[in-house]
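Colleague: Below, each chain spelled out in residue letters.
2 protein chains.
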Amino acid sequence: MFRIPETHPRYKSLLKREKIVAGIEAGITSRQGLIAHGRGEAFDYLIGERTLPAALRATEAAAALLLTAQKPVISVNGNVAALVTERVIELSELIGAPLEVNIFYWTEARVMKIKEHLEQHGATNVLGDKADARIPGIEHARARVDKDGIYTADVVLAPLEDGDRCEALIAMGKKVVTIDLNPVSRTSKYATVSIVDDIERALENLILMIKEKKKGEVKLLEDYDNKENLQAVINEIMERLKNEALR
Amino acid sequence: MFRIPETHPRYKSLLKREKIVAGIEAGITSRQGLIAHGRGEAFDYLIGERTLPAALRATEAAAALLLTAQKPVISVNGNVAALVTERVIELSELIGAPLEVNIFYWTEARVMKIKEHLEQHGATNVLGDKADARIPGIEHARARVDKDGIYTADVVLAPLEDGDRCEALIAMGKKVVTIDLNPVSRTSKYATVSIVDDIERALENLILMIKEKKKGEVKLLEDYDNKENLQAVINEIMERLKNEALR
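If you're matching them up, the sequences are chains Z and X in order. Per the numbering used here, residue 1 is the first one in the first sequence, and the count goes up by one each step. Per the numbering used here, residue 1 is the first one in the second sequence, and the count goes up by one each step.
No lab work stands behind these hints, which were simulated from the structure alone. Don't take each hint at face value.
With the C-beta cut set under 8 Å, the calculated list includes, among others, these residues of chain X facing chain Z [said to hold, decoys possible]:
hint : residue
1    : L67
2    : Y224
3    : M238
Pair ranges (Cβ atoms, derived) [claimed, not checked]:
hint : chain 1 : residue 1 : chain 2 : residue 2 : range
4    : X       : K242      : Z       : K214      : 33 to 43 Å
5    : X       : E25       : Z       : A26       : 50 to 60 Å
6    : Z       : G216      : X       : D225      : 29 to 39 Å
7    : X       : A109      : Z       : L221      : 25 to 35 Å
8    : X       : L14       : Z       : E108      : 17 to 27 Å
9    : X       : A109      : Z       : A22       : 43 to 53 Å
10   : Z       : T124      : X       : M172      : 56 to 66 Å
11   : Z       : G96       : X       : Q120      : 55 to 65 Å
12   : Z       : K215      : X       : N243      : 37 to 47 Å
Beta carbons are placed, not taken as given, at the ideal position from N, Cα and C, and that holds for glycine.
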């Protein structure tokens, strides 16, 4: 790793980059995943690198949806595995949902690397290496899933997901929870519940809320409106841009 | 390279990613450079992946500034070398300015790789391997420049530059032209002329404008206001977000 000077004004953001770059060394993160991370960084900058009230609301809706699911599955790609290893494993145990390795730039070697990485950190239920089913309506190489996992899940938590696949999962009748910093991405638009937040912050909040909800009776948030919630994020970005000091 | 399915809605953007990923294979682009590219992608998406009128105006101001400079220098980092090799070389010849390899994550090996890459593509005046001077006011490792290059230049074209270094060059009394897709970045705010555009589109326009201006007498754009120009870009982004259809 490079030593980032602590005097650099974007020190924290640069340190976070190092974490995902390390994912490359481990054979977990794809190079295209680094670019995708950069896209996220830009949107995080626009929302002020903090959890917006709208994101908290979406996280609460997601917690209820995951807890009332018959068969929830957590989709894990290279960036998720590199950035939030411990947190996805904790979440998996907490809601009794398997982790399914599901990557956009698919190679068997990388799937196995990610599976091993998760297991080395304590995960006990990792799918994705069978790839014995296909999501209908999307191009072959991107469609691979496990029959016992995402293919038959009713609720899928798919952080940092591709828009095409999100749309196809919805078309299969599934409910999809995404975590994506871009409020106008196709993923955010298609998902049932779109958490527009940094993945570390979002999973931390999600875990806290699930722990809290498990103490009582869990009910879906009937009045939650995902479009309205995304609009609130967009409004916040516009407000921040309006106040941007250019002198 | 991975084969991107042509049916993917973001086909063009994904292809562009492949180009910069290839820069890694060649030892030219840094991994952190990939993340920076992703940040740019996000802002390009927000401005509609096209050259805004404000960007054209900044490009014209930049053309005049570079043509009237006593000693212009073009700063080249890993992403610039990977994305627009031929164009920076053409620009260098056109205005008689050296290219100076100037990278954020500095290693001598990568400086030499980039220099060789540029020379293999026909560049005849490439600096940056001496690194015998320092930009005052910034941390040692980031401060390296050539005494005969950026250190004594009056106008520096520094595309995709770090905010800290842009500020330090301005503090040295230089005029700095940047190409940066983020209109609210520190780089865009500090620069003398900030071209908020994709680097390929911006250099293409800059070369055309310089060729045109060279036919007559070159005058600086006296009424060009960089802050006002950046504000126009921000307004355009807000307008686009306002019209974003969320259904």
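Colleague: For each hint, tell me whether it holds in the structure or not.
Modeller: Do the hints match the structure? See the list:
no. : hint                        : result
1   : L67                         : violated, 27 Å
2   : Y224                        : violated, 15 Å
3   : M238                        : holds, 5 Å
4   : X:K242 - Z:K214: 33 to 43 Å : holds, 40 Å
5   : X:E25 - Z:A26: 50 to 60 Å   : violated, 19 Å
6   : Z:G216 - X:D225: 29 to 39 Å : violated, 59 Å
7   : X:A109 - Z:L221: 25 to 35 Å : violated, 54 Å
8   : X:L14 - Z:E108: 17 to 27 Å  : holds, 22 Å
9   : X:A109 - Z:A22: 43 to 53 Å  : violated, 20 Å
10  : Z:T124 - X:M172: 56 to 66 Å : holds, 58 Å
11  : Z:G96 - X:Q120: 55 to 65 Å  : holds, 57 Å
12  : Z:K215 - X:N243: 37 to 47 Å : holds, 44 Å
Hint check: violations occur at hints 1, 2, 5, 6, 7, 9; the rest are consistent with the structure.
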